[in-house]
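Asker: Using the sequences and the hints, build the whole thing.
Number of protein chains: 2
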Amino acid sequence: MKKDEFVKEITNIEEDFAQWFTDIVIKAELADYTEVKGFIAYRPYGYAMWENIQKYADNEFKKRGVENIALPMFMPEHYLTTEKEHVEGFAPEVAWVTQGGGKNLEEKLYARPTSEPMFCRMYAKWINSWRDLPMKYNQWCNVIRWEKETRPILRSREFYWQEGHTMHASEQEARETTIEMLNVYANLIEDLLAIPVIKGKKTNLEKFAGAVDTYTVETLMHDGRAIQAGTSHYLGQNFTKPFGVKFQNKEGKEEYAYHTSWGISIRLIGAMIMAHGDNRGLKVPPKLAPIQVVIVPIQMQKEGVLDKAKQLYNTLNSKFRVKLDDRDQYSPGYKFNDWEMRGIPVRIEMGPRDIENNKCVVVRRDTLEKIDINLDNLEEELEKLLEDIQKNMYNMCLENVKKRTTQAHNMEEFEKNLTENQGYIKAMWCGDDECENHIHEVTGAKSRCIPFKEEHINNKCVVCGKEAKHMVIWARQY
Amino acid sequence: MKKDEFVKEITNIEEDFAQWFTDIVIKAELADYTEVKGFIAYRPYGYAMWENIQKYADNEFKKRGVENIALPMFMPEHYLTTEKEHVEGFAPEVAWVTQGGGKNLEEKLYARPTSEPMFCRMYAKWINSWRDLPMKYNQWCNVIRWEKETRPILRSREFYWQEGHTMHASEQEARETTIEMLNVYANLIEDLLAIPVIKGKKTNLEKFAGAVDTYTVETLMHDGRAIQAGTSHYLGQNFTKPFGVKFQNKEGKEEYAYHTSWGISIRLIGAMIMAHGDNRGLKVPPKLAPIQVVIVPIQMQKEGVLDKAKQLYNTLNSKFRVKLDDRDQYSPGYKFNDWEMRGIPVRIEMGPRDIENNKCVVVRRDTLEKIDINLDNLEEELEKLLEDIQKNMYNMCLENVKKRTTQAHNMEEFEKNLTENQGYIKAMWCGDDECENHIHEVTGAKSRCIPFKEEHINNKCVVCGKEAKHMVIWARQY
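Protein sequence lines correspond, in order, to chains A and B.
First residue of the first sequence: 397, per my numbering; consecutive thereafter.
First residue of the second sequence: 397, per my numbering; consecutive thereafter.
Honestly, I wouldn't trust all of these hints.
[Stated by the list, open to error] Think about it this way: if two alpha-carbon atoms lie no more than 16 Å apart in a straight line, the pair counts; the simulated EDC-like pairs of lysine to aspartate or glutamate are:
(1) B:LYS499 with A:GLU489
(2) A:LYS499 with B:GLU545
(3) A:LYS499 with B:ASP750
(4) A:LYS521 with B:GLU425
(5) B:LYS595 with B:GLU572
(6) B:LYS719 with A:GLU463
(7) B:LYS521 with A:GLU425
(8) A:LYS822 with A:GLU851
(9) B:LYS458 with A:GLU447
(10) A:LYS451 with B:GLU447
Rather than coming from a laboratory, the hints here were simulated on the basis of the structure.
Answerer: Have a look at this one:
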């Protein structure tokens, strides 16, 4: 009874996925609304996931010679208007600081929605010769984008991300770095978040405002909508020319540097929730999980139970991220549901009879399978179990992608597929913006990417029937 | 000759300390000016020091049950004006966001100068009962204070810091946490930054706007001016009442929570520069140093030298933070000066003759002493050396404090001491704001703190001659 009641608090995932998502965010205490419209607060459990993502990514960046810096949050208005596509892309959604220290500012400042202009102006000071290149800097920071419609974690007016910007002496080297960093993201998302990705190139309509080429790692959610999980841009000299990032090349001539930028954001936590969760709540992949194992003592009031649980906690704590739930105001049943809802990968139940038999009951969150494990083998078994859960979560997610990936040879089929089995649609495309826009207007789907691994479906654009240039993956998106 | 030339680029430390400081910041590439007035950019070398401070502090916080969260950068105007002392303290120096997404905002937003109001409003949502307490949250973030006069690192309009805010069910527990966190700061500054601190309580005039009591760790710079290196505030119910942070206590009654807040900022790097540096430049304590050991090969063009240097780099790299300087456009002499200026604790010189003799020359930055070390013992010797440098730097700094600490029995002596030997002045004080203001007006010195270890000098206030309540430490400050 209590169990049912408890689960009812979360909206059914098949009935209203959007509300299910919001329920999870709030009830699992990942984040919360604030009194500033469109701005959310990250609570410890949600923020700890971001810290784990940061640690993983930062380590990969540093292995590749990337160094962290910190640039101003605010930039002068003329930075925004210097690059044509950039201003068109970002001007509508910036926040303006117009007063400081009790005075109106001479030139108003905008809060960074992304920092290409500031990175370039600083690189222009720091780079002189080809000997200074490549220069590979990154910053972990907050950015502001004044979105009209916001949703916690997925689309907030302030969000946390990293933006790496690298400068190179040649186009080739810059292009190689663009792909190298895309691969860092792909590996992070597959390995840490257990979400399979599709790597590819964005179409002209979907690329970053100011990029020559934008590459993306795309992920698919439980309901068949996509999330762009990370992007890496080859910016060429689009910013280095107007912002004056020059270097003397080996031949002694002045040349503009070749520029890349790449970013992932805290939105990844949103993707993780929506890729893995179920009707009981969140499922956190073990490698990401701030708490990997929770110990719930049964009949806690009985002599020796709590002591044994504490002892177990101390043993496991050096090897795993463990929590002991010794709250006395809640029943074990309540606790089981609570931790399941929060997505802890493994729960250990241990009562007087278990202790007598030198064992405990281990429950995995991914399959809800219960296993008796002898306490002597517990550490070893837990290690294997967590690895297995990580793999299994990836595979369950991949199953969903496979199930929800279809081909469309014409628009009728395109719409039918989206209605009956929303997900990725593979379809041929002639390369025209017009056909791409048509698909979006008619179906709500956008192009995700031209995948690195294109398949040949047929020779005709799914919209206009003219000769196709590429196979594109389409989906509705978050 | 070249050496002299090079060192001349840095202003003499005894002639113009302020300019010496700026020279170090720019030439050692810690930070740089940007085109936004009062905002600086942290370059990799400076930012890596902050990352090391963050790592150290964050670990100490987490050991004490503190969890990280992230709250909005912007707050609504009415948050600022809710607490009387807080608004008076911060309103003159906030930045205002008045437009977002192409529209004027209904209520303007201010960029956080500190986040007491936002923490309180969120705690009000998250705390219900005494069972939820204590709640100990921290955030690492950027804050904005629109200072009139700015100086790189020391006083910027945007700076990086952490602000911890804890909520407690009793005044006593909150007060204990206030001191506990102050001690974390004291240990960090002494252990990691090798700077001795004085712990104490701020006077009424110098306490945080809105605090019941402010505690501080004070540090003294090379020139005898002080820097407040960290503060910890007992805020009582000053914020929890107006912002509604209530809990049901064990007796079932509603009560307002007891609040602490505490912070250190990237300014600590400024303190480190000014406490340790000399005419050759920066001196970075080994525990903080992003580069602990630099290897400079001599006669690099000779066969085997670079190979041996690389081999050495690979051996040391697993144990120390090492850099191999294999730039071929600079002479060893240039490199020696360059790395001395950047404050690398240990330099290893190795040329063909050293290699023949299976040794290298090791130069410590703190004493400039040169030592021949056999390559077979190098790792072991380096470990000892770095420990010794860390200790020695602390002791050199402590010597400076001792040398520059005097007592004053009257204002004449007070002024004389400051003129002849600027530093900490110990003097008795009656407790009146007026006398404290008088000292500031006449001498430029401010009260640093009432130290935890008060000495008894005499019974009379150094200003008015009335009965003294406390011994206070005074100094001019940054």
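Asker: Next step is simple, just say for each hint if it's right about the structure.
Answerer: Hint by hint, here is what the structure shows:
{"no.": "1", "hint": "B:LYS499 with A:GLU489", "in the structure": "holds (10 Å)"}
{"no.": "2", "hint": "A:LYS499 with B:GLU545", "in the structure": "holds (15 Å)"}
{"no.": "3", "hint": "A:LYS499 with B:ASP750", "in the structure": "violated (64 Å)"}
{"no.": "4", "hint": "A:LYS521 with B:GLU425", "in the structure": "holds (12 Å)"}
{"no.": "5", "hint": "B:LYS595 with B:GLU572", "in the structure": "holds (15 Å)"}
{"no.": "6", "hint": "B:LYS719 with A:GLU463", "in the structure": "holds (14 Å)"}
{"no.": "7", "hint": "B:LYS521 with A:GLU425", "in the structure": "holds (12 Å)"}
{"no.": "8", "hint": "A:LYS822 with A:GLU851", "in the structure": "holds (9 Å)"}
{"no.": "9", "hint": "B:LYS458 with A:GLU447", "in the structure": "holds (13 Å)"}
{"no.": "10", "hint": "A:LYS451 with B:GLU447", "in the structure": "holds (12 Å)"}
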